[in-house]
Amino acid sequence: MASLGSSSSSGTEYIVRVPKNTTKKYNIMAFNAGDKVACSTWTQARMERDMSARRIYGEEETAEGAAGSEFGKKQREEARRKKFGIVTKEFKVEDQPWILKVNGKAGKRFKGIKKGGVTENASYYIFTQCPDGAFEAFPVHGWYNFMPVAKHRTLTAEEAEEEWGRRNKVVNHFSIMLQRRLREQERGEDDEDEGEKGGKKKKKGGGRGGDLRIHDLEDDLEMSSDDSHSSGGEDGESKPKAKKDAGKGKGKKKKKKGSEHEALEDSDDGDYEGLEVDYMSDDSSSEEEPEKGKPAKADEHPKGIDELSESEEESEEEKQNEEETKEEEEEDDGKKTPVQPEKKKKKADSSGESESSDDSDIEGETASALFMKKRTPPKRGGGRGSAGSSRTGSRPGTPSIDSGSTSSTLRAAASKLEQGKRQSGSATDTPAAKRLKMEPNSQSPAPSGKSTPQPASGKSTPSSSDVQLTEEAVRRYLIRKPMTTKDLLKKFQTKRTGLSNEQTVNVLAQILKRLNPERKNVNDKMHFYLTE
Amino acid sequence: MSEKGEVDLTGAKQNTGVWLVKVPKYLSQQWTKASGRGEVGKIKIWNMGKPEVTFTLNEELTVIEGIDTVAAPREHPFTMQTVGGQTLAVFTETSADKIALEGMVVQRAECRPAVSESYMRLKRLQIEESSKPARLSQRLEKAVATNYKPVANHANNLEYERRKKEEGKRARADKQHVLDMLFSAFEKHQYYNIKDLVDITKQPVIYLKEILRDIGIYNVKGTHKNTWELKPEYRHYQVEEKTDE
Chain E
73 MASLGSSSSS
83 GTEYIVRVPK
93 NTTKKYNIMA
103 FNAGDKVACS
113 TWTQARMERD
123 MSARRIYGEE
133 ETAEGAAGSE
143 FGKKQREEAR
153 RKKFGIVTKE
163 FKVEDQPWIL
173 KVNGKAGKRF
183 KGIKKGGVTE
193 NASYYIFTQC
203 PDGAFEAFPV
213 HGWYNFMPVA
223 KHRTLTAEEA
233 EEEWGRRNKV
243 VNHFSIMLQR
253 RLREQERGED
263 DEDEGEKGGK
273 KKKKGGGRGG
283 DLRIHDLEDD
293 LEMSSDDSHS
303 SGGEDGESKP
313 KAKKDAGKGK
323 GKKKKKKGSE
333 HEALEDSDDG
343 DYEGLEVDYM
353 SDDSSSEEEP
363 EKGKPAKADE
373 HPKGIDELSE
383 SEEESEEEKQ
393 NEEETKEEEE
403 EDDGKKTPVQ
413 PEKKKKKADS
423 SGESESSDDS
433 DIEGETASAL
443 FMKKRTPPKR
453 GGGRGSAGSS
463 RTGSRPGTPS
473 IDSGSTSSTL
483 RAAASKLEQG
493 KRQSGSATDT
503 PAAKRLKMEP
513 NSQSPAPSGK
523 STPQPASGKS
533 TPSSSDVQLT
543 EEAVRRYLIR
553 KPMTTKDLLK
563 KFQTKRTGLS
573 NEQTVNVLAQ
583 ILKRLNPERK
593 NVNDKMHFYL
603 TE
Chain L
2 MSEKGEVDLT
12 GAKQNTGVWL
22 VKVPKYLSQQ
32 WTKASGRGEV
42 GKIKIWNMGK
52 PEVTFTLNEE
62 LTVIEGIDTV
72 AAPREHPFTM
82 QTVGGQTLAV
92 FTETSADKIA
102 LEGMVVQRAE
112 CRPAVSESYM
122 RLKRLQIEES
132 SKPARLSQRL
142 EKAVATNYKP
152 VANHANNLEY
162 ERRKKEEGKR
172 ARADKQHVLD
182 MLFSAFEKHQ
192 YYNIKDLVDI
202 TKQPVIYLKE
212 ILRDIGIYNV
222 KGTHKNTWEL
232 KPEYRHYQVE
242 EKTDE
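Top line first, the protein sequences correspond to chains E and L. First residue of the first sequence? That's 73 in the working numbering, and the numbers climb one at a time after it. First residue of the second sequence? That's 2 in the working numbering, and the numbers climb one at a time after it.
The set of hints was computed from the structure by calculation and includes no laboratory data. Treat the hints loosely; a few may be bogus.
The following residues of chain E were derived to be distant from chain L, with all beta-carbon distances above 10 Å [said to hold, decoys possible]:
1) Ser112
2) Arg127
3) Lys154
4) Arg181
5) Leu227
6) Glu230
7) Arg239
8) Glu258
9) Ile551
10) Asn573
11) Leu587
The calculated lysine to aspartate or glutamate pairs, modelled on DMTMM-like cross-linking and capped at a C-alpha distance of 20 Å, are [said to hold, decoys possible]:
12) Lys26/L - Glu192/E
13) Lys97/E - Glu7/L
14) Lys45/L - Glu85/E
15) Lys45/L - Glu208/E
16) Lys23/L - Glu111/L
17) Lys164/E - Glu94/L
18) Lys34/L - Glu208/E
19) Lys180/E - Asp9/L
20) Lys177/E - Asp9/L
21) Lys146/E - Glu188/L
22) Lys210/L - Asp181/L
For clarity, every value in this text was computed on a predicted model and none was experimentally measured. The beta carbon of each residue, even a glycine, is placed where N, CA and C say it ideally should be.
Looking at chain E on its own, in the form it has when it is part of the complex:
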């Protein structure tokens, strides 16, 4: 029916209809005015029921049919529930919340929760005006309050409590989520490469400085000098990368450092009690150093050991270990090649002297031990210990080798100095056990700022030089002149090589076996000699 024209006193009349056959159910979508939702701006929208409550509400589904199921289980369960008066609420799809996604993946998300009690006492109707002027009224079926859903990451309850406890101490609140993200990264990577590079990646995360990390001895020992190169390189790279990922600028990093430091203050552990201060380091600059150190590290320009060790953001304890490990590596590398020529030269000079002199305590075991084959790990710790003092060893000959050897050995000497100061003896085992990181840059070229005594100081009797029982050394002796086993043993004194009597004997035996020198009898004694 058409609407009437103006009836009484400037009012207009319209017919109201309540259609009967509606297939559509009308609902209200209520948004908070503060959210400033403008439906007309939406380009695309998707809405679905949020069924996540179903699994909470749904009964446990034990295996139905065949394996694992019992005959009549369901009925029994139901009877049991009734007996105990357990009433389980049904999962009604109608009452589940809606999830509204506007403008696709990047747009907003809303959750619409049904408001109860709307249709109990009064009914809501939607009045729409039809083209013919009449009004149509539709009853409202349900009312849903839609709230925007946070897309950003939030802290869980435990984390929130944690942060609350630290609220007075943490100044920079941006770092909270940052650290959380880093921790998650860290955890994610830990899962990936557990076995091999566990230690390194954990460092990469750089989370709160106090995570407990326990390493197996085998893992650490496996990390030989070879591995350390590559892994070290990675580490150097990954560190700046991690910083790039996490960092939003130096300021943030700094603050993060600040918060870390503050957090560290809180620790109740006696972790830092027995730490020994690095005398050569500059503590005041420790805060700036870490950051500068990191980009510097990536450049890999030569740095002093002290600077390097200092430029870690880990605890001092770890720094200590790093240094030790660095020394280890140096010694590993430097052991074979550079030291040998050095020692060779020394030996060459001193062979004449030491032959007659110096009692050897290995007399008895020489003969039989020669044919035994047993490898002994070189014990550098003891031997090196004696090299603490200045290394004014005889340095004749080729400068190139010397310089290379010098540097590493000088470094070794310097580090030995420190080591000697810090620890007492048995350097080998503890560094191996505590080795957390392989320092790559320790391998890199010579330390620049080391003021060590000049190596090429001409010949002089070696006061406390490292002597290594190697094939090369033995060969040299035997080429020069024929020697008996006794003489050879005298050359490689236990004090110098750091090997025990038995070990020396064994190693010497092995070497001789390999060299297979010629024998001749002089003065009723078996002499070995080699001809080049």
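Following the hints, position chain L against chain E.
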């Protein structure tokens, strides 16, 4: 064709404005009784400064079912309200799970009946009705004596005995036959109670137990307590990978 979940946004784009009107219960009840095209009444809008709206209920709908004495009032002025604190949109859901946005609410209103004598009476009746308790205690004049009379034998019992006689004792069927039945039963479920098995196979218990001892095991402990299951070598379930029977 819109896919499931896709919201039809035509109403939102057109910015169709609708009114949200709160209507009293009795009125909505009357409206459901409307005949024909659903005409329920007329609405009059005045625009004197503030818009004034009145709804007039159709004559025929004033008769309330169940209440003879009073009729529903006819005049209902609307109280207009603002939509301020909330942004209200209207969406519809069809039975086929299609969702469409119909429009935005531009005006809220409450339909109030014009206060009149008849309305008051009507309300009073309604209150009286609703205040009556759902359960009622009533006094009886005579004690009820028809319920539990002594009986020689209850009907239930008689029924039971008759059934039993009819069925007779369970006869031992062929062993192979019984085995077949058992295997087919165990195909459906893994664990069975002895009573259920007796029921299924209709065999005497002792005989059945003997057969079961052959091919099955009895679970004494665990989750499936006191149940029989087939021996592992006879089992052939999909989930477990065991050898065939």
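Evaluated hints:
Not every beta carbon of chain L lies more than 10 Å from that of Ser112/E, the smallest distance being close to 5 Å; the non-interface claim is violated. With a cut of 10 Å on Cβ distances, Arg127/E stays outside the contact zone with chain L, its closest approach being about 20 Å. Against the 10 Å criterion, Lys154/E stays outside the reach of chain L, whose nearest CB is about 19 Å from its own CB. With a closest Cβ-Cβ approach of about 13 Å to chain L, Arg181/E is found to remain outside the 10 Å limit, as its non-interface label requires.
Distance to chain L confirms Leu227/E as a non-interface residue, since its nearest Cβ pair spans about 30 Å, more than 10 Å. Look at Glu230/E: its CB is around 34 Å from the nearest CB on chain L, clear of 10 Å, so calling it non-interface holds up. Listed as outside the interface, Arg239/E is consistent with that label: its C-beta sits roughly 33 Å from the nearest C-beta of chain L, beyond the 10 Å cut-off. No Cβ of chain L approaches the Cβ of Glu258/E within 10 Å, the least distance being about 37 Å, so the stated non-interface status holds.
Once the 10 Å rule is applied to beta carbons, Ile551/E is consistent with being away from chain L; the minimum gap is 71 Å. Interface exclusion of Asn573/E from chain L stands, the closest Cβ pair being 63 Å apart, more than 10 Å. The claim that Leu587/E lies off the interface holds: its Cβ sits roughly 63 Å from the closest Cβ of chain L, which is beyond the 10 Å cut-off. Between the alpha carbons of Lys26/L and Glu192/E the distance comes to roughly 9 Å, so the proposed pair stays at or under 20 Å and holds.
With a CA separation close to 16 Å, the supplied pair Lys97/E and Glu7/L stays within the 20 Å bound. Taking the CA atoms of Lys45/L and Glu85/E, the gap is near 4 Å; set against the 20 Å cutoff, the hint holds. At roughly 14 Å between alpha-carbon atoms, Lys45/L and Glu208/E fall within 20 Å of each other, so this suggested pair holds. Taking the CA atoms of Lys23/L and Glu111/L, the gap is about 5 Å. The hint holds against a cut of 20 Å.
A distance of roughly 16 Å separates the Cα atoms of Lys164/E and Glu94/L; the hinted pair therefore holds under the 20 Å criterion. A distance of roughly 15 Å separates the Cα atoms of Lys34/L and Glu208/E; the hinted pair therefore holds under the 20 Å criterion. Distance check on the hinted pair: Lys180/E and Asp9/L sit about 17 Å apart at the alpha-carbon level, within 20 Å; holds. Distance check on the hinted pair: Lys177/E and Asp9/L sit about 18 Å apart at the alpha-carbon level, within 20 Å; holds.
At most 20 Å may separate the alpha-carbon atoms for a hinted pair to count; Lys146/E and Glu188/L meet this at roughly 18 Å. The straight-line distance between the Cα atoms of Lys210/L and Asp181/L is roughly 15 Å, inside the 20 Å bound, and the hint therefore holds.
In summary, the structure is inconsistent with hint 1 from the numbered list given earlier, while agreeing with all the others.
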